[in-house]
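Asks: Once you have looked at the hints, place chain G on chain X.
2 protein chains.
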Amino acid sequence: MSQATGPSPRTRVVRESERGVYDRETVYRILDEGFICHVGFVVDGQPFVIPTSYGRSGDNLYIHGSAASRMLRNLDRGIPVCITVTLLDGLVLARSIFNHSMNYRSVVILGTASVVQDPAEKLEALHTLSEHILRGRWTESRQPNEKELKATSALRVPIEEFSAKVRQGPPIDDEEDYSFRTWAGVVPLEMVARAPIPDERCRHDIPVPQYAASYSRQRR
Amino acid sequence: MSQATGPSPRTRVVRESERGVYDRETVYRILDEGFICHVGFVVDGQPFVIPTSYGRSGDNLYIHGSAASRMLRNLDRGIPVCITVTLLDGLVLARSIFNHSMNYRSVVILGTASVVQDPAEKLEALHTLSEHILRGRWTESRQPNEKELKATSALRVPIEEFSAKVRQGPPIDDEEDYSFRTWAGVVPLEMVARAPIPDERCRHDIPVPQYAASYSRQRR
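For the record, the sequence lines run as chains X and G. Heads up: the first sequence at position 142 corresponds to 143 in the working numbering, and the numbers run straight through without jumps. Heads up: the second sequence at position 181 corresponds to 182 in the working numbering, and the numbers run straight through without jumps.
Okay, chain X solo, but in the shape it has when bound (with noise of 0.2 Å):
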């Protein structure tokens, strides 16, 4: 369940267990340099997997949306949930096609999402949820009024039940395999940003504010 007492049964990674890690710190920096999370909750059996933003402050993650979208409408009931970031990393090309694989960061956090009741707590996790996206952005921008308050919901998922699966490196090939004649390693992945795209109506007398201009996610 947490660094101390290792994973739950369910958590526990059963495939490649190698590659499992548990500890908050470890699981924090995957957090925090993603910022896409798909989200799964059942319905009348069904499981669905919607791709949301997230945004983590402490032990709690925040994920939001509105009052009126199908998850939203479910997640309030105080259904299980599971919430996944995927970080991908790189092509491993092995010499054997079945030592081909991925090098990637995911987490998998398995626990229940509550609406976020109190005004000023929702105000806190919207904010939160704006600066783990785009740093510097909230206080540039015209803030939330009632209304829009009100159409939005947040939701809170404490970080209690989880597990990562790390992959890193190159490839590793059956012994026999090295001899092989063809190219092997990695091709790294990465998720970068283009140059900002002023909106036309943007008006022309005001700079793209740096946190656009150098985006990036790294934090390693």
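Please note: incorrect hints may appear among the correct ones.
Since the list can't tell identical chains apart, any single copy or any two copies may satisfy a pair.
[As the list claims (entries may be wrong)] Below, computed lysine-lysine pairings styled on BS3-like, alpha-carbon distance capped at 27 Å:
#, residue 1, residue 2
1, 151, 123
2, 148, 123
3, 166, 148
4, 166, 151
No lab work stands behind these hints, which were simulated from the structure alone.
Replies: Relative to chain X, chain G alone:
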């Protein structure tokens, strides 16, 4: 359910319904640009969401994995799955916090995964997966042997009940916010490949293959 009949009640985009897309051509273009999906399934009422690679062949999606994994152990019982593919295209910076958004293209497929039993179809499924991720790699690698094929399961998910959700373009602000003095626009995001890193034990006389040297998912 399909191009002709529109979305099912389960795949209809509820929130921001103008972003819903239901034609196979658009959906397949998204599926063909991506290669990592998030698979959702339910065990004892608890949803799990696991990232994995996939390949598309016609109207089927194939995923694979070790028969020993939690996902495969559960999926081969023929339980309902949700497969979600998300391509992130940019951060959308509006004048108001409330109208901040992301540019993205995502696909949700609901269905049931079946284990590919026929050995020829299984090999074909693994070939599809490999070529989907890295076209040209299969023939240059050491082919799978019987033991490896036994340790690998391939699963087929028919693409029957699906929808996509797409947001592109500049921020859309409330009319009265356009005069608000802050930069507004889009920070484009893109997954890029860096220069391949040869394995230390890679023979120096083997050149980096073109599919690794100029790797790109761009299909647009």
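Asks: Each of the hints needs a verdict: does it hold here or not?
Replies: Outcome of the hint check:
Within a single copy, residue 151 and residue 123 get their C-alpha atoms as close as 10 Å, which meets the 27 Å cut-off; across copies the closest is 51 Å, which misses it. Taking the closest pair of Cα atoms, residue 148 and residue 123 come within 27 Å of each other only inside a single copy of the chain (14 Å); across copies the shortest separation is 54 Å, beyond that limit. For a Cα distance limit of 27 Å, the shortest separation of residue 166 from residue 148 across copies, 26 Å, qualifies, whereas the shortest one inside one copy, 41 Å, does not. Within a single copy, residue 166 and residue 151 get their C-alpha atoms only as close as 37 Å, which misses the 27 Å cut-off; across copies the closest is 24 Å, which meets it.
Checked against the numbered hints given earlier, this structure breaks none of them.
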